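As they're listed, the protein sequences go chains C and F. With my numbering applied, the first sequence covers 13 to 375. With my numbering applied, the second sequence covers 21 to 199.
Check the hints yourself; a few may be wrong.
[To be verified] Keeping only pairs whose Cα atoms sit at most 30 Å apart, straight-line, the calculated DSSO-like set for lysine-lysine is: (1) C/K353 - F/K60; (2) C/K47 - F/K40; (3) C/K353 - F/K40; (4) C/K353 - F/K28; (5) C/K75 - F/K152; (6) C/K75 - C/K89; (7) C/K79 - F/K152; (8) C/K75 - F/K60.
Bear in mind the hints are in silico, worked out from the structure with no lab data behind them. Every value quoted in this text rests on a predicted model; they were computed, and no experiment measured them.
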Amino acid sequence: MTELSLRLAVSLAQIAAVMGIVMLTVMILTLAERKVLGWMQDRMGPMEVGPYGILQPIADGLKLFFKEDIVPAGANKAMFTLAPILAMVPAMIGFAVIPFGPALTVDVFGITIKPFVISDINIGILYILAFTSIGAYGIILGGWSSNSKYSLLGGLRSAAQVISYELNVGLAIIGVLLLAGSLSLVTITEAQAGGFWHWFIWGARPDGYFPIHTQIFAFVVFVISAVAETNRVPFDLPEAESELVAGFFTEYSGMRFAFFFIAEYANMVLVSCVAASLFLGGWNAPYPGTILGYIGLEQLAWVENVAWFTFKVYLFLFLFFWLRATLPRLRYDQLMRFGWKVMLPIALANIVVTAITAYFFPR
Amino acid sequence: MTFKTWIKTITFYDLLVGMKATMSHLIHYRPITLQYPHEKRTLPDNYRGMLALLRYDDGTEKCVGCDLCEAACPSRVIRVVSAEVPGEPTKRYSKEYYMDMTRCLFCGLCVDACPVDALGMTREYEWAVYDKRQLHLNKQQLLAIGDRSFPVREKQLELQHPNVAFFNVAFKHLPQKPT
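Same shape as in the complex, but just chain C (with noise of 0.2 Å):
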């Protein structure tokens, strides 16, 4: 009974460490992407909150906190507050099986404890697909309930997009789920070990130099379609601004927009750790080991594993703000096109070409 409620202890722990660290990066990337925007179109970015405008995101989020919450006539209400939540769970959700730094263990009170990953479980990768799909759900539901035609717009924009790309992230990761043979990211990661060319974008075999399981193309469609499946420019027709007003959250005002805008920076967040642990080998550093590790501070190690972590996934939300501004919106139907007629079949023909190469040449 005590180990159980010390288990429970821990986890609670982790989670609140983990949720921390997520609410403290999307704060850091609603700065980091006006900042970065500004700085591509030779602006500034806020400057008056602060120096240099940092505290920016504290103001921002007062202000939304303390804003009046509007319904609006006719909305359905239960929906309406429902749609927020059913946005952000499932992407604050996903970090659960992200594994943030090696999967060492630790004992703590007689319990063997995994530090830098919530809960190793073995089907990580689909747990992450299951629930991001349902956040579409979250979309779909704000953007019918609100009773407004740009918001209902929005939410079905939205609904045949995420379904659209969420077939080719799938169908995308399935060549590294081919070559490591797992569906935990802990193991996909760790298959990744020892240097740059064993990450799966480069896909040498443990032994060898040679790309002969390269990624790439998945990677580069994993890329797309996560921008896509986030609702992101230029994939962002749920909340065109210059079409749809801001979409499915024409209607939202106060903590329930902060859900939705919180939910979208998390999504990010997530797609961007995924893309580190599946293509750029996670915690890996692109040389084999360690330098701590080589400097005889091997307990320390971790935390050079954590940075590159963490260099990982921001360069892939700087990529995110680079994206946004450099590129123009899609129309709907170039949307559609791109998304079935060249992102998928390069996905399925990505899958063909690895299951042969790792047939013939099996890791």
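Given chain C, work out where chain F should sit, using these hints.
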């Protein structure tokens, strides 16, 4: 589709060109933003800002109540109530002078129309107010704007030539208009 365009398509060449452009702007970061309330741009010399009524260096108002500004104004901003100067039957002044700055388009026609240069355009432009009735200015307010924007006042002209000296009606010691 030629082979070259096909290669460009599958490598996202055009997108990469655009992303290179944005990245070069990020690296060579030269913002054109002016942090407005903290730093203000230098105004051009002929800037047309808030309107003001002016005074002579002895403190008397320049305005003679001729209504020409009211006639010149295309937006009907100005309303002048002209009256005789008490005790000086030939001299007039503006008893009341109103400007509805909500309508003003800062064309400067009233300033051009004024025969005695009693109107001036200051370089003030920060006139955002919460209540637009505050933009309905009376004579005292316009004179105050003129006082703070034009501290160096024009010396009152004393016309010497007998043909025009009758304009100096306030100076009773000057010669009368020749008959």
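Which hints from the list above does the structure break, by number from lowest to highest? 1
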